[in-house]
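J.: I would like the entire structure built from these sequences, with the hints used as guidance.
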Amino acid sequence: MKHSNRIDGKRQRVKTILATTLMFVTAALLMVPFYFMFLSSLKPGTEMLRNGLSLTFDPGVSSFKNYEALNTYRDGIYWQWYKSSLIIMVLQTIVGLVLSSMVGYGLAMYRFKGRNAVFTLVLILMMVPFEILLLPLYRMLIKFHLTDTYFGVILPYLVPPFMIFFFRQYVLSLPKELMEAARIDGCTDYGIFFRIMVPNMIPAFGAMTILSCMNSWNNLLWPLIVLNSNEKFTIPIGMGTTITPYGNAFDVLMPGAVMAVVPIIIVYLFAQKTFIAGLTSGSVKG
Amino acid sequence: MKKLLAIILVIAMFASLGITTAFAEEEPIHLTLWTFQELHTQLYKEMLDKWNANPDNPKLEIDMQVYPYEDMHNKLTIALQTGEGAPDIVDIEINMFANYLKGDIQLADLNDIVEPMQDHLVMSRFNNYAKDGKYYGIDHHIGACIVWYNTEILEEAGIDYRDIKTWDDYHEAGKVVLEKTGKPMCTWESKDCWSIYPLVNQHGGDWLTPDNEVRMDEQVVIDTLAFMKSMLDDGTAVACPGGNHHSEEYYGWMNAGNCASVSMPFWYLNRFTDYMPDLAGKMKVAPMPLWSDGGHKSAQMGGTGTAVVKTSEHVDIAKEWLAYATLSFEGCVNTWLILGFDPIMTDVYGSEEMKAPNKFFDYYDDTIFDMLKTILDDIPDTCLTEYFPAAADIVRNEMAYDLVIGGGDPAEIAHACAEELRDAIM
Amino acid sequence: MSENGKTPLLKRGFFTNPKVVPYIFIAPFLIFFLVIYLYPFITTILMSFQKIDGPNSVEFIGTKNYEKMFNRNFKQALMTTFRYAFWDVVVLTIVPLIFAVILNSGSVKFPSFFKSLYFIPALTSTIVVGIVFRLAFGTLETAPANRLLALFGQPAKDWLMFADTGNFVLILLTLWRWMGVNIIYYISGLQSIPSELYEAAKIDGANSVQQFFHISLPGIKPVLIYVITITVLGGFAMFTESVALWAQNNPGGVGRTIVGYMYLMGFYKNNMGMASAVGLVLLGLVLAVNLIQLFAMGFFKKED
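Chains as they are written, first to last, in the numbering used here: chain A, 3 to 288; chain B, 5 to 430; chain C, 5 to 308.
Errors might be hidden in some of the hints.
To be verified - Below, simulated DMTMM-like cross-link-like pairs (lysine to aspartate or glutamate); rule was C-alpha separation at most 20 Å, straight line:
1) C:79 to C:168
2) B:184 to B:237
3) B:138 to C:57
4) B:233 to C:162
5) B:187 to C:145
6) B:49 to B:67
7) B:187 to C:162
8) B:233 to B:222
Hints listed in this document are in silico derivations from the structure and should not be mistaken for laboratory results.
T.: See below:
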């Protein structure tokens with residue numbers, strides 16, 4: 003008995019070493035593109051053209067000079083793009099969270115005529131490629147004079163179906179007694195939602211905050227169609243203007259790319275715990 | 005009552021003050037300009053400052069917006085389709101231009117600024133942007149195709165590039181270069197048109213007739229493709245790294261001295277100065293080799309048609325400024341000095357202004373225009389009908405790929421591509 | 005106060021009427037649906053029957069757009085899309101699942117550290133990372149991927165010039181970006197399975213493979229359905245990844261997807277009518293594949 007326990011322990015240790023090594027190697031591989039990006043951001047653009055991507059750090063040609071170039075490139079327009087991206091990200095995330103959490107809650111907590119139809123609709127919309135609606139949507143924006151505005155950019159993301167779906171799933175996993183107890187205490191339905199349920203949904207909000215920030219920060223096609231002024235461009239569009247058929251402005255592109263990852267990683271690191279907890283409990287029920 | 009009077013007086017005073025200041029300092033007219041090429045804005049800004057420096061001109065303020073290449077055209081399409089959000093002035097790439105000449109044309113015709121100047125201009129460049137006798141775009145360059153030789157490699161192989169007169173000479177020289185140095189003579193693009201189209205066009209071929217008859221499977225096209233393939237087969241030509249001569253991979257590879265020559269339009273001058281600095285002093289430009297069975301001295305390739313949008317509130321002033329910026333002697337000289345293009349105005353060639361020292365003369369030598377002058381008299385027109393974008397797309401994405409990467413039979417490729425173009429036209 | 009189980013009538017306004025309240029909660033979605041989806045959708049259907057050459061030049065041409073659609077380029081785009089979507093679903097369903105099971109098995113040290121780290125690629129912009137991938141899989145022998153091949157004595161490859169290797173790079177890019185997200189989804193599913201089930205299985209002498217197929221897999225079915233559904237959508241509607249690797253100049257159409265073709269038709273070739281028709285075909289495809297998948301997984305049986 004003792005003997006086999008020792009073998010088991012040994013096997014477990016080997017398993018742990020193997021598994022942890024695998025995880026570590028994978029993690030290292032996943033970081034390689036970041037390493038490329040960071041190294042390249044330190045090199046002058048001509049160096050990129052001469053030698054392409056390289057994994058070797060060459061202190062002779064590397065410096066943080068390119069990061070300074072972000073301030074001077076076209077009168078510091080990079081930071082304008084940064085500001086636009088931040089504004090759109092914050093607006094889109096707040097509005098999206100408020101509205102879709104309400105809808106998701108409504109779908110999960112109430113039984114009413116047409117509930118299944120509405121939920122099926124949400125499911126179907128999750129499968130509709132948004133791209134096919136671009137042109138009619140743009141025509142609509144023009145009618146309402148919303149082109150070149152931040153509101154126009156966030157309009158199609160006011161109540162994202164995937165968020166509704168997620169909040170519904172999450173609320174379903176919460177104990178119904180919460181709501182019953184509050185009702186007995188004389189709360190109105192809205193009071194129950196805002197004062198009782200919302201605090202209980204914080205992990206879900208954490209998860210959706212990150213997903214929404216991610217989507218908004220990297221969104222390319224729609225903001226590109228809506229926005230006209232270079233100063234209002236978001237980072238992905240702005241970076242696109244540095245990629246031309248005549249040769250890329252690597253001096254700006256690479257440090258710009260590195261700086262563009264920073265805020266979203268900060269949001270992630272802050273919300274990470276709630277985020278993972280939220281995703282964990284929200285996606286359990288199909 | 006007195007109070008009221010006083011108030012009225014004060015208001016009147018301010019009002020008149022407002023009116024007089026409005027007269028004294030007239031509001032500048034605000035225009036929007038879209039471009040996909042940031043470089044162009046340098047020329048526009050220079051010409052705008054000069055315009056505003058002249059007190060006789062109405063003050064202009066031009067908001068220059070730079071977009072990614074594809075996206076600018078897509079944006080323009082949507083803006084013109086929906087009739088709102090379009091700029092006043094816009095740079096449209098030549099391959100895309102015909103898209104905007106379909107149906108109800110949303111661009112203003114520029115005949116009133118082009119026609120007075122036509123004796124001084126290379127008019128074939130304007131036909132690319134014309135429909136039914138109306139000009140809709142102004143180009144910045146001729147885009148005459150020439151060849152860049154890496155003299156260091158050629159010298160190593162014991163070849164003088166000036167002895168290369170025909171494409172057959174070029175091929176033979178390539179064999180010597182390959183044998184002596186192990187390096188290819190040239191690269192053919194596999195995802196773009198700058199190898200196939202210039203050669204075909206110089207050879208006397210084209211993709212379409214003005215009536216949209218497909219010429220893609222004519223013998224001259226097949227012969228040209230066969231020549232290109234023969235060079236690929238013996239290794240004197242290789243597939244362009246990165247797929248075209250504008251990829252960063254190609255720049256790096258070429259810059260490292262891996263290839264003896266490249267054939268591109270004149271505007272490629274600045275790619276060498278900007279992206280291949282290590283070749284300074286080594287590269288020499290020369291006319292394209294000739295085809296022994298006919299054809300022309302060069303071909304005119306690429307371009308940007310700058311257009312004025314019909315729905316603009318300031319069509320006339322936009323046209324006037326555009327004429328000043330691009331059709332004036334000064335504008336054309338600056339096109340060379342700032343952009344390194346071969347200007348569309350014949351008057352500027354040989355003028356003193358063009359001889360001002362600049363980075364291009366430093367990189368190559370100052371005989372560039374003497375060379376260019378020898379070929380300007382024999383450059384064929386290209387035929388850009390409304391189906392040209394479709395043809396260009398087929399060449400870029402299929403013909404080039406099938407020939408250079410797929411290694412297919414030239415005749416079969418030409419026939420397949422021609423059939424596809426015919427389908428698109430039907 | 006609530007003797008008869010009802011809120012006193014006096015307190016009920018319109019907005020607090022229990023019959024109305026649920027609709028107020030879902031009202032944002034209904035308005036959103038009408039404005040952002042339904043109206044544009046109907047417009048798209050109309051446009052697919054039109055030839056549009058400008059604001060004042062719209063012509064009704066019946067089903068011509070649909071008849072002309074099936075040319076070589078469209079078929080190639082279909083092929084590319086199916087190839088990508090297939091491998092996308094296979095790879096992005098299985099690989100993260102394996103990692104999730106290992107991470108959840110208790111055999112890994114610092115599991116939450118790895119979970120967080122794996123997620124970071126999802127935070128990057130595809131366009132920017134695409135440039136890194138494009139250069140890494142360049143045509144030159146000095147490109148990183150080709151250097152790696154050389155280590156194994158393999159000749160250099162023109163990765164992005166061919167459909168199969170190009171698809172490989174696409175899948176790799178997608179896997180790189182999305183692996184961490186799916187791992188988190190799976191782990192959430194795995195953690196919801198009561199540990200007693202595993203203990204009971206152990207007592208019955210089931211090995212870890214048997215445990216996986218008999219306990220873990222059925223237990224995470226809802227999550228699996230969710231992951232597959234979004235992966236199918238992502239696979240069929242893929243566009244940005246392709247743009248990042250090839251821009252619009254796809255050599256020989258390699259890597260051009262249906263959305264890419266739609267974009268090409270609508271904006272590049274200024275043929276909005278055809279683009280709308282292609283878009284609707286795409287919509288049909290995505291819905292069909294997903295509905296088949298959902299039926300096959302027994303999703304609808306579960307709903308009450």
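J.: Determine for every hint whether it applies to the structure shown.
T.: Quick rundown of the hints versus the structure:
A hinted pair counts as satisfied when its Cα atoms are at most 20 Å apart, and residue 79 of chain C with residue 168 of chain C qualifies at roughly 16 Å. In summary, the hint linking residue 184 of chain B to residue 237 of chain B is supported, as the alpha carbons are separated by about 18 Å, within the 20 Å threshold. Our distance criterion of 20 Å between C-alpha atoms is met by residue 138 of chain B and residue 57 of chain C, whose separation comes to about 19 Å. Restraint check: the Cα-Cα separation between residue 233 of chain B and residue 162 of chain C comes to about 19 Å, which is no more than 20 Å; the hinted pair holds.
Our distance criterion of 20 Å between C-alpha atoms is met by residue 187 of chain B and residue 145 of chain C, whose separation comes to about 15 Å. For the suggested pair residue 49 of chain B and residue 67 of chain B, the alpha carbons sit about 10 Å apart, so the restraint of at most 20 Å is met. Our distance criterion of 20 Å between C-alpha atoms is met by residue 187 of chain B and residue 162 of chain C, whose separation comes to about 19 Å. Our distance criterion of 20 Å between C-alpha atoms is met by residue 233 of chain B and residue 222 of chain B, whose separation comes to about 17 Å.
Against the hints set out earlier in the document, no violation occurs for any number.
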